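Engineer: The primary structure of each chain is shown beneath.
Protein chains: 2
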Amino acid sequence: MPIPHLSTALRGPILDLENRIINAMPTIEHWLRTKWREHTVPFYCSVDLRNSGFKLAPVDTNLFPGGFNNLNPEFIPLCVQAMMSAIEKICPDAHSILLIPENHTRNTFYLQNIATLQSIMQHAGLNVRIGTLLPEVTIATQIDLPDGQTITLEPIIRKNNQLGVSNFEPCAVLLNNDLSTGVPEILQNLNQIVIPPLHAGWATRRKSNHFAAYDRVAQEFADLIGIDPWLINPRFTSCGEINFREKQGEDCVASAIDRILSIIKRKYQQYDVKEDPFVIVKADSGTYGMGIMTVKDGSDIYKLNRKQRNKMAVVKEGLLVSNVLVQEGVYTFESINEAVAEPVIYMIDRFVVGGFYRVHTGRGIDENLNAPGMYFVPLAFETTCLVPKSAAQPNSIPNRFYAYGVVARLALLAAALELEQDHSEMSAALPAQTQK
Amino acid sequence: MPIPHLSTALRGPILDLENRIINAMPTIEHWLRTKWREHTVPFYCSVDLRNSGFKLAPVDTNLFPGGFNNLNPEFIPLCVQAMMSAIEKICPDAHSILLIPENHTRNTFYLQNIATLQSIMQHAGLNVRIGTLLPEVTIATQIDLPDGQTITLEPIIRKNNQLGVSNFEPCAVLLNNDLSTGVPEILQNLNQIVIPPLHAGWATRRKSNHFAAYDRVAQEFADLIGIDPWLINPRFTSCGEINFREKQGEDCVASAIDRILSIIKRKYQQYDVKEDPFVIVKADSGTYGMGIMTVKDGSDIYKLNRKQRNKMAVVKEGLLVSNVLVQEGVYTFESINEAVAEPVIYMIDRFVVGGFYRVHTGRGIDENLNAPGMYFVPLAFETTCLVPKSAAQPNSIPNRFYAYGVVARLALLAAALELEQDHSEMSAALPAQTQK
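From first to last, the protein sequence lines stand for chains A and B.
Throughout the first sequence, residue numbering follows this note's numbering, covering 1 to 436 in sequence.
Throughout the second sequence, residue numbering follows this note's numbering, covering 1 to 436 in sequence.
Worth flagging that the hints you see were computed from the coordinates, not collected in a lab.
Treat the hints with care, since some could be wrong.
For identical chains, the list gives no copy identity; a pair is met inside one copy or between any two copies.
[Stated by the list, open to error] Calculated cross-link-like contacts (lysine to aspartate or glutamate; reagent style EDC-like; alpha-carbon spacing at most 16 angstroms):
| no. | residue 1 | residue 2 |
| --- | --- | --- |
| 1 | Lys311 | Asp272 |
| 2 | Lys89 | Glu29 |
| 3 | Lys35 | Asp93 |
| 4 | Lys159 | Asp251 |
| 5 | Lys265 | Asp223 |
| 6 | Lys35 | Asp276 |
| 7 | Lys35 | Glu88 |
These figures come from a predicted structure and were not determined experimentally.
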């Protein structure tokens, strides 16, 4: 398969920010090592970044990454090696895991993601079988995929508060299902390791908690390498009690938009940025790029037409949006074949294992690209985030990708803090569960 | 740079042995994981393998690998990722390391190895400086290398029983010097982590101890996957009190040769192998492929001429050979452009990170290839040992390389056992050292 050329990515001179990150490499890697001794790293994670030339920031952190099939095949050995580290922590004494995917049977892109993930885990020495939550799958069902891979979906069996499939008793359950519709009964009160933990699912998770944790991480990192934390951190706030269809809670959103816009304006003046500030309004829980809009003035929120209101009102699986995140928009100045692009970075355990560009020909540089019509371009191997060339070319592409890998890992660390906090809150709120 | 094609490597049908290894992958990876919980994995290691078509075995295990420059550049991210794991164990709280190379200043191939190793460690987030044992280097000396890299050799400073260089106090010392001439005084009685440990150097290390440990590993592995251990293990014995120049100890060597030959003959009959058995006689300590010969009859040892005796009598830096290893020879049936080739597999921590072929146009399939005139062909990335294709092509090249990675890791495990044993023997024999 042809390796995509990097002439398509951002070509400008390396940012001062990127230079600072590259020059502080030993300090950064050491700091991250100490963090991973203090905090439990998520099993896997993908982070959407935006690089505006003056700013490089995460805008979304996915704890159930669904695009392993979009990684460059040349990255797969890195995935396998990182997976070996990840599974040592989870199943040191066993070698079987049950993978629970989203309830898709026809989305072959997603199923290729599951096949790739299964393959990575198998190559790390695990027996992996796929248990589906779909009630209509009552016997093992093989699905052939367009890329030549095959997966077998099997009905989940629950016995003694442990999940398995026929003749298979795994030591752990790996979720690639983001639990948008809540935690199904079959997953509740298990005496079995479940990763990511159930409270990482969208049934409970809030983006505002993630970005609050990211605020703390970004501040500490900015102090570490001596930069303005704004350069890596989009400002945000959140509003509750929203009902877009009924026009409830609009005032909170409108004033939040204006507050964030005025902060951005001051920062743009400080850094002599000529672009128009914008904010992104999106559901505080949920994924798949639904319920997202770009706004440049608080009053715009009162002028939404019925279709726009309906689009904002529901996310995946028809769930109503009641809380929204109002987040500073970050321009993406990257393009591939003249289409707007943003990098998505993949991590397993504490390692950056690859990434790809999300590309959209029909969207602008100030819009969400996670929308129908998007496509993916794998990052070529020479651009793996692990190997910047500090000596040779200060503005070479590998340098840029090292910076991307660092900012993605800051979001990973924020996710670790977020899950710790959620966990302690949930432990306090819920009755104690039976432990084995 | 062009990626070498694998059409040059062994092309025959996949061996029954290789098939068994690939099919047992989850069992093997799980077994290795349990081993690394019980034993301390060496920091880094390279293993020379020979693949005769009917047998796949390690013939040399190097604890101070000197060919990182020969790895395919596409493997480097794997090295960086593995290095991140390795250094977490050694310097969790620090980020500076002193690298001590061999005493070469003109061997640019070797210096490129040091530059590559330094680069890998820097990319894993370490500050690395190079301290040389050469007394003539009294100030920091920069050397430009043919591949565009640059290294700086600096005089070592010892203070408070810790080594460093000017304005640099590392938490640990990494040896890429095999201590063939003994342990220099400056390295003795340090209050500092030294890796590999001093007793891994050729001043004390014996190949016969390594292969005795490998015997135990190979037996357990063979039981695990149900194979004859001979298929992965060359038989050996050793002789002491040898002086080739003075014709001392020849009887021991001659009878050892005949004993090993007769064992091989029976095995060749059992497996219907038509080749002539041969043995390799080599120094029990030492490296650089010196003091090595191929023998097909015990009586040959009495017929050596003066030149041959002299070649066997000394190894690197003129050290006299007093102990020899008599080891079953393993044919290599791999060739690249009609030149005889053998794979060399590189590991950092417990991870296979790459490898290359050692190729020699002037040597036969039953001869040592580690000799002047050899050259190196990096393994292409699609052949990384981590990703066998169990489904698609049972005799594909990636499968063969997975088997290579497994057998190399068996030798790595043997090295771990060997160093544990040496360590306890040395602790018993030596006066207790001051510990910080």
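Engineer: Work down the list of hints and note, for each, if the structure agrees.
Structural biologist: We went through each hint and held it up to the structure:
1. Lys311 - Asp272: Neither: 35 angstroms inside a chain and 73 angstroms across chains, both beyond 16 angstroms.
2. Lys89 - Glu29: between (21 angstroms within a copy, 14 angstroms between copies)
3. Lys35 - Asp93: Classified as between; 11 angstroms across copies, 26 angstroms inside a copy.
4. Lys159 - Asp251: Answer is neither: 50 angstroms inside a copy and 68 angstroms across each miss the 16 angstroms cutoff.
5. Lys265 - Asp223: Cα proximity of Lys265 and Asp223: none, with 23 angstroms in one copy and 70 angstroms across.
6. Lys35 - Asp276: Neither, since 37 angstroms and 59 angstroms both go past 16 angstroms.
7. Lys35 - Glu88: between (19 angstroms within a copy, 12 angstroms between copies)
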